[in-house]
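The listed protein sequences derive, respectively, from chains A and B. Reminder that position 2 of the first sequence reads as 2 in our numbering, one-by-one numbering, no gaps. Reminder that position 14 of the second sequence reads as 14 in our numbering, one-by-one numbering, no gaps.
By construction, these hints were calculated from the structure, which means they are not laboratory data. A couple of the hints might just be wrong.
As a list, the in silico DSSO-like pairs of lysine-lysine whose alpha-carbon atoms are at most 27 Å apart [said to hold, decoys possible]: (1) B:Lys95 <-> A:Lys162; (2) B:Lys90 <-> A:Lys162; (3) A:Lys162 <-> B:Lys99; (4) A:Lys163 <-> B:Lys90; (5) B:Lys99 <-> A:Lys91; (6) B:Lys28 <-> A:Lys91; (7) B:Lys99 <-> B:Lys28; (8) B:Lys28 <-> A:Lys127.
Stretch-level coverage of chain A by chain B, calculated; a stretch enters the list once three of its residues show a Cβ under 8 Å from a Cβ in chain B [stated by the list, open to error]: (9) 14–20; (10) 46–57; (11) 101–111.
Computed Cβ-Cβ distance ranges for the label pairs, DEER-style [unchecked claim]: (12) B:Ile56 <-> A:Ile3: 22 to 28 Å; (13) B:Ile56 <-> A:Ile111: 20 to 26 Å; (14) A:Tyr109 <-> B:Pro5: 16 to 22 Å; (15) B:Val25 <-> A:Ala97: 28 to 34 Å.
Keep in mind the model is a prediction, meaning the values are calculated, not measured. Glycine included, C-beta positions come from ideal geometry on N, C-alpha and C.
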Amino acid sequence: MLIVFYLAAIVAIISTLFAVTRSNAVHALLYLIVSFLAVAVVFFILGAHFVAALEVIVYAGAIIVLFVFVVMMLNVGAETEKSNDRWLSIKSWGGPAILAFILFAELAYVIFTKESIQTDESIVAPKQVGISLFTTYMLGIEIAAVMLMAGIIGAYHLAQIKKVNRHRFLGGEE
Amino acid sequence: MNTIPIEHALLLAAVLFSIGLIGVVSRKNVILMLLSVEIMLNAAGLAFVVAGSRWIQPDGQVMFIFILSMAAAEVSVGLALILQMFHLNKSVDTKTLGKLCE
Numbered sequence: 001m002l003i004v005f006y007l008a009a010i011v012a013i014i015s016t017l018f019a020v021t022r023s024n025a026v027h028a029l030l031y032l033i034v035s036f037l038a039v040a041v042v043f044f045i046l047g048a049h050f051v052a053a054l055e056v057i058v059y060a061g062a063i064i065v066l067f068v069f070v071v072m073m074l075n076v077g078a079e080t081e082k083s084n085d086r087w088l089s090i091k092s093w094g095g096p097a098i099l100a101f102i103l104f105a106e107l108a109y110v111i112f113t114k115e116s117i118q119t120d121e122s123i124v125a126p127k128q129v130g131i132s133l134f135t136t137y138m139l140g141i142e143i144a145a146v147m148l149m150a151g152i153i154g155a156y157h158l159a160q161i162k163k164v165n166r167h168r169f170l171g172g173e174e
Numbered sequence: 001m002n003t004i005p006i007e008h009a010l011l012l013a014a015v016l017f018s019i020g021l022i023g024v025v026s027r028k029n030v031i032l033m034l035l036s037v038e039i040m041l042n043a044a045g046l047a048f049v050v051a052g053s054r055w056i057q058p059d060g061q062v063m064f065i066f067i068l069s070m071a072a073a074e075v076s077v078g079l080a081l082i083l084q085m086f087h088l089n090k091s092v093d094t095k096t097l098g099k100l101c102e
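Generate coordinates for the entire structure from the input sequences, incorporating the hints supplied.
Now the structure itself:
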């Protein structure tokens with residue numbers, strides 16, 4: 001169990017380092033997905049199964065999809081336009097694939113050695129988290145829901161492209 | 001029983017947070033700065049979950065869920081602002097954006 005933790009930690013650190021040092025934005029996003037998956041493995045080993053699932057769904061799923069859409073809309077980086085062949089070259093996806101394969105091997109190891117999955121009283125079960133979430137932290141959940149709604153409305157309003165009306169003597173383009 | 005030493009797990013959170021901080025201060029692209037902020041938020045959530053699993057309390061995971069929703073709202077508003085920024089300046093580079101007029 002310890003070796004799984006240390007391997008996942010090393011994968012997380014390496015992929016995060018690559019994520020903040022790549023010049024190409026899409027490569028950085030690929031490494032960031034692997035980083036989130038590695039942190040999800042760490043959560044699973046720590047016994048926080050619910051949070052591990054949330055990490056995969058929300059971070060590695062939803063937030064990364066937002067980033068990918070914006071990067072593709074803005075077409076960031078001059079090197080992204082050079083050629084389409086580079087997307088299929090092994091240099092672009094080889095590193096994240098190797099790191100993700102390490103995580104997959106860990107997943108297979110954890111599944112096939114059943115005693116390594118903690119299901120006893122020493123972990124925080126998802127049921128306890130849900131009970132705490134909707135009793136002790138009821139107000140916090142309400143505020144988080146309102147904040148998410150405000151985020152949706154704010155993003156909708158901010159992302160609208162409005163026409164710039166400059167003064168006619170200043171010579172603006174509109 | 002939980003066999004992971006808490007020091008090492010907290011050290012992992014600290015290292016990830018530091019890498020994210022380095023990314024925020026060293027990158028020039030605003031999108032990648034926002035991405036580094038996500039790394040830092042994720043590391044903070046990792047520290048919460050580690051502490052929650054050490055003392056077998058659900059509060060750590062609850063705090064992670066709050067951080068998660070906050071990160072989701074923040075990244076949607078931030079990316080909308082970046083879209084406006086790109087539309088105004090035709091660039092998401094901080095060197096270009098730092099100038100008051102072109």
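Going through the hints against the structure:
Note on Lys95 of chain B and Lys162 of chain A: the hinted pairing holds, with a Cα-Cα distance of about 25 Å set against a maximum of 27 Å. Straight-line distance between C-alpha atoms of Lys90 of chain B and Lys162 of chain A comes to about 15 Å, which keeps the hinted pair within the 27 Å bound. In summary, the hint linking Lys162 of chain A to Lys99 of chain B is supported, as the alpha carbons are separated by about 22 Å, within the 27 Å threshold. Between the alpha carbons of Lys163 of chain A and Lys90 of chain B the distance comes to roughly 15 Å, so the proposed pair stays at or under 27 Å and holds.
A hinted pair counts as satisfied when its Cα atoms are at most 27 Å apart, and Lys99 of chain B with Lys91 of chain A does not qualify at roughly 36 Å. Distance hint between Lys28 of chain B and Lys91 of chain A is fulfilled; the C-alpha atoms sit about 23 Å from each other, no more than 27 Å. Of the pairs offered as hints, the one joining Lys99 of chain B and Lys28 of chain B holds, with about 14 Å between alpha carbons and a cut-off of 27 Å not exceeded. For the hint pairing Lys28 of chain B with Lys127 of chain A, the CA-to-CA distance comes to about 44 Å; that exceeds 27 Å, so the pair is violated.
Check on the segment 14–20 of chain A: 4 of its residues sit with their Cβ under 8 Å from a Cβ of chain B, so the three-residue criterion for coverage holds. Residues of the segment 46–57 of chain A with a Cβ under 8 Å from some Cβ of chain B number 7, which satisfies the need for three, so the listed coverage holds. Evaluation of the coverage hint for the segment 101–111 of chain A: breached, as 0 residues show C-beta separations to chain B shorter than 8 Å, against a requirement of three. Distance hint check: the CB atoms of Ile56 of chain B and Ile3 of chain A are about 23 Å apart, consistent with the given range 22 to 28 Å.
At roughly 24 Å, the beta carbons of Ile56 of chain B and Ile111 of chain A sit within the given window of 20 to 26 Å. Between Tyr109 of chain A and Pro5 of chain B, the C-beta spacing of about 20 Å keeps the proposed range 16 to 22 Å intact. Range check, Val25 of chain B to Ala97 of chain A: about 30 Å between beta-carbon atoms, so the 28 to 34 Å window is met.
When held up to the earlier numbered hints, the structure conflicts with 5, 8, 11 and fits the remainder.
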